[in-house]
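Asker: Sequence order for the protein chains is H and V. Here the working numbering is used: the first residue of the first sequence is 1, the next is one more, and so on. Here the working numbering is used: the first residue of the second sequence is 1, the next is one more, and so on.
Rather than coming from a laboratory, the hints here were simulated on the basis of the structure. Note that the Cβ used here is the ideal one computed from N, Cα and C, for glycine as well. One thing to keep in mind: the hints can contain errors.
As the list claims (entries may be wrong) - Part of the chain V face toward chain H, derived, beta carbon under 10 Å: (1) A40; (2) F68; (3) S69; (4) G107.
Said to hold, decoys possible - No more than 25 Å apart at the CA atoms, straight line, and that leaves these computed lysine to any residue pairs for SDA-like: (5) K43/H x V13/V; (6) K45/V x N76/H; (7) K109/V x R60/V; (8) K109/V x E46/H; (9) K36/V x E46/H; (10) K36/V x D66/V; (11) K51/V x N76/H; (12) K36/V x A60/H; (13) K43/H x L11/V.
Listed below, chain by chain, are the residues.
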Amino acid sequence: EVQLVETGGGLIQPGGSLRLSCAASGFTVSSTYMSWVRQAPGKGLEWVSVIHSGGSTFYADSVKGRFTFSRDNSKNTLYLQMNNLRLEDTAVYYCATCRGGYGYFDYWGQGTLITVSS
Amino acid sequence: DIVMTQSPDSLGVSLGERATINCKSSQSVLYNSNNKNYLAWYQQKPGQPPKLLIYWASTRESGVPDRFSGSGSGTDFTLTISSLQAEDVAVYYCHQYYTTPWTFGQGTKVEI
Numbered sequence: 001e002v003q004l005v006e007t008g009g010g011l012i013q014p015g016g017s018l019r020l021s022c023a024a025s026g027f028t029v030s031s032t033y034m035s036w037v038r039q040a041p042g043k044g045l046e047w048v049s050v051i052h053s054g055g056s057t058f059y060a061d062s063v064k065g066r067f068t069f070s071r072d073n074s075k076n077t078l079y080l081q082m083n084n085l086r087l088e089d090t091a092v093y094y095c096a097t098c099r100g101g102y103g104y105f106d107y108w109g110q111g112t113l114i115t116v117s118s
Numbered sequence: 001d002i003v004m005t006q007s008p009d010s011l012g013v014s015l016g017e018r019a020t021i022n023c024k025s026s027q028s029v030l031y032n033s034n035n036k037n038y039l040a041w042y043q044q045k046p047g048q049p050p051k052l053l054i055y056w057a058s059t060r061e062s063g064v065p066d067r068f069s070g071s072g073s074g075t076d077f078t079l080t081i082s083s084l085q086a087e088d089v090a091v092y093y094c095h096q097y098y099t100t101p102w103t104f105g106q107g108t109k110v111e112i
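Here chain H stands alone, though its shape is the one from the complex (with noise of 0.2 Å):
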């Protein structure tokens, strides 16, 4: 059975840097494309950035250059880096497989819940 588990969530202040995880079983997290996808408070869904099973990635405009995705295939778990983070990264953010290589998300975590607030 597949399960993806996010922790790291919590309150940071603007500026500041968080690291979230995705902890993978059921399946091979270096097998397929992964993915993060954010949800804002009341709001609809965002994508944040993949992950290709030969390790590229890929990330929405919004969140480059700040936030680097990353993966330990020793430990089957995928790495959100957000570093100087905003008030509208404000968001539950999700991690999703994307099924055969494609861009769907078959698979969804529960969320984690990521407040950037002073």
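Given chain H, work out where chain V should sit, using these hints.
Answerer: Then chain V, alone, in the frame of chain H:
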């Protein structure tokens, strides 16, 4: 970026009646080389992550009831719930994965 626009923003439907949600993309999401529309639909209930309903515009995900169907091609797509059930109350999102940045519609809230 491809802009996805859903209509309506909210929809009230009686139990057992049909619900129709539209999604329009600012450019075609049909990939000519494989004739596939890179369009998915998700259902999100309060406090839960989104759930994949439809991909390739019209392929129902395993386990999704057959009252959910997707149609359309190019830039215009529709999600239809043929006979609304109480458990279908949720927000529905369309999503293009034709090109990054992958983008979502703003969501359509379906109520009884």
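Asker: Hints first: check each against the structure and report whether it holds.
Answerer: Verification of the hints:
1. Checking A40/V against chain H by beta carbon gives a least distance of about 4 Å; that is within 10 Å, so the hint holds.
2. Because the smallest distance between the Cβ of F68/V and any Cβ of chain H comes to about 15 Å, over 10 Å, the interface hint for this residue is violated.
3. Given hint, S69/V at the interface with chain H, is violated; its Cβ is 17 Å from that chain's nearest Cβ, farther than 10 Å.
4. Restraint check, G107/V versus chain H: the minimum CB separation of about 5 Å is within 10 Å; hint holds.
5. Taken as a hint, the K43/H and V13/V pair is honoured in the structure, with Cα atoms around 22 Å apart against an allowance of 25 Å.
6. Restraint check for K45/V and N76/H: not satisfied, since their Cα atoms lie roughly 28 Å apart, outside the 25 Å limit.
7. Between the alpha carbons of K109/V and R60/V the distance comes to roughly 20 Å, so the proposed pair stays at or under 25 Å and holds.
8. With a C-alpha separation of about 17 Å, the suggested pair K109/V and E46/H falls inside the 25 Å cut-off, and the hint holds.
9. A C-alpha spacing of about 23 Å is found between K36/V and E46/H, which places the hinted pair at or below 25 Å, so the restraint holds.
10. At roughly 21 Å between alpha-carbon atoms, K36/V and D66/V fall within 25 Å of each other, so this suggested pair holds.
11. Proposed proximity of K51/V and N76/H is supported: the alpha carbons are some 23 Å apart, at most 25 Å.
12. Using a Cα cut-off of 25 Å, the hinted pair K36/V and A60/H holds, with the two alpha carbons roughly 24 Å apart.
13. This hinted pair checks out: K43/H and L11/V have alpha carbons roughly 17 Å apart, not beyond 25 Å.
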